[in-house]
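Protein chains in written order, with the numbering used here: chain Y, 97 to 656; chain W, 22 to 222.
Take the hints with a grain of salt, since some may be wrong.
As the list claims (entries may be wrong) - Just the calculated beta-carbon pair ranges, DEER-fashion:
hint, chain 1, residue 1, chain 2, residue 2, range
1, W, Trp76, Y, Asn258, 28 to 36 Å
2, Y, Gln117, W, Ala191, 49 to 57 Å
3, W, Ile179, Y, Gln117, 50 to 58 Å
4, Y, Thr164, W, Arg222, 27 to 35 Å
5, Y, Ala588, W, Tyr193, 50 to 58 Å
6, W, Leu178, Y, Thr462, 52 to 60 Å
7, Y, Ala588, W, Val49, 30 to 38 Å
Please keep in mind that the hints were generated in silico from the structure rather than gathered at the bench.
C-beta: ideal position from N, C-alpha, C; glycine also.
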Amino acid sequence: MAVTESRPEAAAAGEHGISPQRHPIVQWLTTTDHKKIGIMYLVNSYVFFTVAGLLAVFIRVELAEPGTQFFGEQRYNELFTMHGTTMIFLFIIPILAGFGNYIVPLQIGALDMAFPRVNALSFWMLPLAGIVLFSSYLLGGPADAGWTQYTPLSEGIGAQGNSIGTDLWVVALLLVGTSSILGAVNFITTIFNMRAPGMTMFRMPLFTWTMLVTSLLVLLATPVFTAALAMLFIDRNLGGSFFNPAKGGIAILWQNVFWFYSHPAVYVMVLPGMGIISDVLPVFSRKPLFGYKAFVFATVGIGALGFSVWAHHMFVTGQVLLPFFSIMTFLIAVPTGVKFFNWIATLVRGKLSFPPAMLFAIGFLTMFLIGGIDGVFLASPPVDFALTETYWVVAHIHYVLFGGSVFAVYAGFYYWFPKFTGRKLNDGLGKLHFWLQFIGFNLTFFPMHILGLLGMPRRVQDYADLPNWVGINQLQTAGALIIALSTAPFLANVVMTMRRKDRDPENPWDGNTLEWYTSSPPPAHNFDSLPEIHSERPLFDLQHADELTVHADATTTGAR
Amino acid sequence: MAVADAALRDSPEHHKPGGISSSLLGMVLFIASEVMFFGGLFGAYFTIRSAATQWPPEGTPHLDTVYALGLTAVLVSSSVTMQLGVWAIRRNEQRRLVLLLAVTLVLGVTFLAGQANEYRTLIDEGMTLSSGVFGSTFFTLTGFHGAHVAGGAAFILIVLLRARSGQFTARYHDTVEMASYYWHFVDVVWLGLVSTIYLLR
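Extracted from the complex, chain Y is given alone in its bound form (with noise of 0.2 Å):
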């Protein structure tokens, strides 16, 4: 016991002096081991990803005419509120924190997470609360007043918000916000503490980096938004008054504390992305990071910045400080900048490759980029007025969560697949994958711009037949339909790629982080050694450590 009280990680080595016999099934389902878990964070999150995509093809299928076609008002709201809802807090959110479970620690050199049995408890409410969330099918109807829930909408006075599926809407989001805060507290003291001999802060690989910085945003932003539910919660089915003008309360009220989470929330869903591709672009530039501190400093920027924009979202109530808010706005893309130009240099004179994860991190580069610009004009006060109710803002969300952090989520998986499984994915399939998806992504959100100039108003089920209205919405349901076609190759490739028998090098692609420098898939207990680290490229420094110390001497003798 007094072991434990002072080591808690020693849960970890628990675990693995339990004796083999017991059934692959239950290994999993009472594991504590951060490989484990974030594999399983990977699956979870990709099986609501298609349940959610499979809802988006619903959607542009009733937007492919005009009228009502398969899906009344009614079933429309539902879809459009479970579609949202679902891809951010049940896939986005969670995946990206699974390839944080499992490829931090490895990154920084640790055996584990700080907390491992707080991990799986992390990650089993994911699809507990996947399930509160889906239960409302058979319960009466889902949520239906939008990923956002506006209150007056989802109090129930209205039309909206009168189904018990608002009520597991707020408890599935309980959930998630309970496993995020749980997985952040996680994911900071690993990374304070758990950090192997000469691993210091400035020599962590670029993704280890944003994951801190994400869990620091998760650990103080997701906390309102859980005070945010459980008012409205009380409001629900307590008689409570927050959110009821009619009582003394004050309907945007839950705007703000619902954008106080929420911004953030943004970039907790594309911070992690902008890690992944900055280890992948320079693994296959064969170059390091442009610019590594920069690039720190500006995701530390963009993390503190984060917390001053959230009523951008609400330009439009009439109720915010304009100049205030949107100057903190046009602020936060400059770090973001500060990005494209450490990728953008990387690339420059690189010994450039392009397997399938190189392509999607350079689709992450491209779309993320429109996404951002689309997004910079929103946040002029007088074209956020104009444009805020159309589907501008649908293109532009979808710019930067698909474009953005599917891309990276896509780009991520090809990279470390290898690590995952020994094996890496087929190129051919990768690429075909790759190619469906940028077209199909392209051609279903692109015309989104020009649809909301036109002043096509989002979040309706019916569209007036104006000219080229229903050719541009008919070509955006081909786009999604060649989306959904596009997970074909990833899936068929995935199977076949694990049914493969022989294994690939164990370091398929030169990585220079630390993850690299064990087995592929690593070991139960991460790692057998683990090298000396004098650079944010510890094996990198390995295979030339003799130029090292040549240039080491040189320098010292210099210096006399």
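Once you have looked at the hints, place chain W on chain Y.
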């Protein structure tokens, strides 16, 4: 494998002398998130209060400030006994720790009983979660605080039972420190609540 494991684990860099232990750091981070949770509730309270024409609204029962200050005294002294307990175990005084934890626990439960008593009085006078915006904010804020006191008391009870079986020493007592951090945090939140709800008229 086990050998490599132990070797890595016991390397001095992994257990930094002088640095904060993982369990304490985890607790500090968790408390930071709790601060933001109460920050959200306080933010809602002040927003609603600033928009109200009259505060507390008409018809709100009289709030007994003296009674609340009495509860405050109980909770603050429990923080003191908790800290004395931490100092005791740092000197390896196990029996003293048990005694001080027991006193802390009694004070914590007294606070909860006192709060329940106040709730009963207010509910008798017609103020509930659903009686209006004052009732909603009052019961939500103090209720979540009370739930945290109850959670903290449960934590202290576990620490007390472990202390009784001699599991803590001057060297190994992170859990006692964790419980004390949490208890002080709960205490500070109460000071914020008393100031905003009772004193700031």
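Against the structure, the hints:
Separation of tryptophan 76 (chain W) from asparagine 258 (chain Y) is about 32 Å and conforms to the stated range, judged on CB atoms against 28 to 36 Å. A C-beta distance of roughly 41 Å is found between glutamine 117 (chain Y) and alanine 191 (chain W), which places it outside the suggested range of 49 to 57 Å. A C-beta distance of roughly 33 Å is found between isoleucine 179 (chain W) and glutamine 117 (chain Y), which places it outside the suggested range of 50 to 58 Å. As the Cβ distance of threonine 164 (chain Y) to arginine 222 (chain W) is approximately 56 Å, the hint placing it in 27 to 35 Å is violated.
As the Cβ distance of alanine 588 (chain Y) to tyrosine 193 (chain W) is approximately 53 Å, the hint placing it in 50 to 58 Å holds. Under the hint 52 to 60 Å, the C-beta atoms of leucine 178 (chain W) and threonine 462 (chain Y), about 58 Å apart, fit the expected range. Range check, alanine 588 (chain Y) to valine 49 (chain W): Cβ separation about 47 Å, and the 30 to 38 Å hint is violated.
Violated hints, in rising order: 2, 3, 4, 7; the structure is consistent with all others.
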